[in-house]
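Novice: Residue-level listing of the chains:
There are 2 protein chains.
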Amino acid sequence: TTNGPRGQSCVINIKCLNAISINDRQSENGGEEDTVDPWNVATNSAKGVDYDKLIVRFGSSKIDQELVDRIEKVSGQKPHRFLRRGIFFSHRDMNQVLDAYEKQKSFYLYTGRGPSSQAMHVGHLIPFVFTKWLQDVFDIPLVIQLTDDEKYLWKDLSLEDCHRFAEENAKDIIACGFDVNKTFIFSDLDYMGSSPEFYRNVVKVQKHVTFNQVKGIFGFSDSDCIGKISFPAIQAAPAFSSSFPQIFKGRKDVQCLIPCAIDQDPYFRMTRDVAPRIGYPKPALLHSTFFPALQGAQTKMSASDANSSIFLTDTPKQIKNKVNKHAFSGGKDTIEEHREQGGNPDIDVAFMYLTFFMEDDEQLEKIRQDYTSGILLTGELKKMLIETLQPMITAHQENRKNVTDEMVKQFMTPRPLNFNF
Amino acid sequence: TTNGPRGQSCVINIKCLNAISINDRQSENGGEEDTVDPWNVATNSAKGVDYDKLIVRFGSSKIDQELVDRIEKVSGQKPHRFLRRGIFFSHRDMNQVLDAYEKQKSFYLYTGRGPSSQAMHVGHLIPFVFTKWLQDVFDIPLVIQLTDDEKYLWKDLSLEDCHRFAEENAKDIIACGFDVNKTFIFSDLDYMGSSPEFYRNVVKVQKHVTFNQVKGIFGFSDSDCIGKISFPAIQAAPAFSSSFPQIFKGRKDVQCLIPCAIDQDPYFRMTRDVAPRIGYPKPALLHSTFFPALQGAQTKMSASDANSSIFLTDTPKQIKNKVNKHAFSGGKDTIEEHREQGGNPDIDVAFMYLTFFMEDDEQLEKIRQDYTSGILLTGELKKMLIETLQPMITAHQENRKNVTDEMVKQFMTPRPLNFNF
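Keeping their order, the protein sequence lines are chains A and B.
Using this note's numbering, read the first sequence as starting at 1457 and increasing by one per residue.
Using this note's numbering, read the second sequence as starting at 1457 and increasing by one per residue.
A portion of the hints provided could be inaccurate.
Chain copies aren't distinguished; within one or between two, either way the pair holds.
[As the list claims (entries may be wrong)] The calculated lysine-lysine pairs, modelled on DSBU-like cross-linking and capped at a C-alpha distance of 30 Å, are:
id : residue 1 : residue 2
1  : LYS1839   : LYS1638
2  : LYS1865   : LYS1705
3  : LYS1708   : LYS1611
4  : LYS1708   : LYS1865
5  : LYS1509   : LYS1773
6  : LYS1611   : LYS1671
7  : LYS1671   : LYS1865
8  : LYS1773   : LYS1638
9  : LYS1778   : LYS1671
Keep in mind the hints are simulated off the structure, nothing from the lab.
The task is simple: from the sequences and hints, build the whole structure.
Specialist: So, in structure tokens, the structure goes:
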């Protein structure tokens, strides 16, 4: 994972931006391919990555209305706004998961985060918010991998710092409201050393993937360290229930569903390729779009740049200032022009953020129309976002304050989870 | 490691032999380089590998008479026959280990075996016999790594079989007489999953070694699996005492001494290169020559070919038949010729084996002289070897019979060892 929960952090990579400017590309998508892998996401469109093209390129399937309706039918719950609005837009084998679920054959969820710093921003919450919803509506267990080993391998950080970030990030994750009886959170650095079964699955994957393959999938080169080269097996292993004998009470064939940002798909394409060869079911996937930086859908959101996003530690005042000052606007330069021509919500970050966080569909649609028609001004739109974010972040901070070290220990202790398989 | 205790199994590789025959090399060393790496040992000399050249090529140091005398002085014990006879012939930093030992700064021993089958032969015992002697004379702790993960990665074997072989091989190792209070034996598949500290050191090494480096050191290619590519870090980690916090009671700076066959040196050259960069002392090394196959010093000894060596399960009758039938002789074709011209002990496998296993220096020297002069016939020489091997193997079998599952468990449980550091 990158500096996000399976890739939510990074909308564009500086190096790639340079490459784009060298190639003198146009600022609107002119058929040029977006770059999407676990470490780089780059596009030159202000609307962000072209997700329909990505589905074709990755060979995944679109989450269409039919599938959303089916999830509603099988779960008996109104689909989450991320499904209703195409934020989770792509999948692999979700229909098969639902087929089995309807026949009383359940599944488990697996998601994760690469803990490269103590700071998490709202974008990092996307997969966790959605995963919690899936856990609730399907009543299923969940494992959350904190890849502190990966962050050590990729970043200029000590093992101790990466491990500390993992424990700090766990608190923010727990604050999302996961059920402790159905959720296991683990640090790779800890769990590898406390579960022989996990290491056995890592070695099994490592035997069935060549350097040629990871070079093709991840773009590794000969000058990469051998830790990076073998790491994909470590992100693969949690997709097999036999990696967690305590958690799943010895069940080795439980189907796995992985909600993650689409940039993590390479890991799981590899996992799905290996799975049948080592006797395990292929994990299914639900892919999300990327969360945009305040500066726009083609700029880089960085945990080290406090102004690139709303952080989970921001005060109401910081939120207000950041949105007003930094959120890229799709509005016009003057009020007169705006009233006359209207704003463009497709490139407006305040509107994009509302798409992620405002629950009411009708209200959101009205905002879209009013903004497009010019009735709603940029300042008014930003005010709505501020009033959505402030209570949300305050509530998160309250929840996090209530996460004790004891609770973290509980979530991170291997133990049987509650489930009905 | 190959199918031996750090490489003792494999004197020549079939593929390399083919290469030699294609290149139409002469059967005596004509300046051609021997091939020596953890998976291939190849020479075209009946005398075996040219070890003096290997020392120059590997950049290690010769164990000369001065060092042997010093080991005698520091340990207060007569040097082991493997030292007296140049079987352990090369080293790295052994003088530094002795300097520190004289100043009351002690060290620990690390050796290992790749458990690719249940069958072990006499050659496999060489490093263990020598390591036990070192443990006894220096009164120091010892860790023994069973690389069942490596065997799974390299061979067409299941994880379960490799792990089972590790436990079976542990019995033969324990039968060598190691002190349970000073010896920890571990399977990688088990220990990786029961020690976060071990995994942490593996990841540290993996961060500091590139694919380019392992390609250069081990000859890996792009079509090798990522498990092989990252494995060297797993053989490196036991050279750092912090990988064993229970064993060494948290001591992170204990110097390590590794007795092994010279073909394992590439692993530890890499380890020594990485050590200072991750804050650990470089391990010191003692290198042994290879144990020859019955068919001669340039043929392959294989656990799957029962006639290529004396196995630890052979009966006295099997030993007699194998030596008489298969041991390559340096004697002449007829008794008359032999009496007249004498035999050549340098290419005679029976004599080579006696060099490894006969304790009495004077007796061995007399045999050498009598064989060279023609007084001693091949049949008589072989009889001496048979009479040396039969009681040795019988005693080993008795010792092994007394190794209970309980004892195996004791040796393989992480626990504080007795030592005075």
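Novice: Look at each hint and say if it fits the structure.
Specialist: Hints and how they fare:
{"no.": "1", "hint": "LYS1839 with LYS1638", "verdict": "neither (38 Å within a copy, 70 Å between copies)"}
{"no.": "2", "hint": "LYS1865 with LYS1705", "verdict": "both (20 Å within a copy, 25 Å between copies)"}
{"no.": "3", "hint": "LYS1708 with LYS1611", "verdict": "between (34 Å within a copy, 25 Å between copies)"}
{"no.": "4", "hint": "LYS1708 with LYS1865", "verdict": "both (25 Å within a copy, 27 Å between copies)"}
{"no.": "5", "hint": "LYS1509 with LYS1773", "verdict": "neither (39 Å within a copy, 74 Å between copies)"}
{"no.": "6", "hint": "LYS1611 with LYS1671", "verdict": "both (20 Å within a copy, 24 Å between copies)"}
{"no.": "7", "hint": "LYS1671 with LYS1865", "verdict": "neither (37 Å within a copy, 42 Å between copies)"}
{"no.": "8", "hint": "LYS1773 with LYS1638", "verdict": "neither (36 Å within a copy, 63 Å between copies)"}
{"no.": "9", "hint": "LYS1778 with LYS1671", "verdict": "neither (40 Å within a copy, 49 Å between copies)"}
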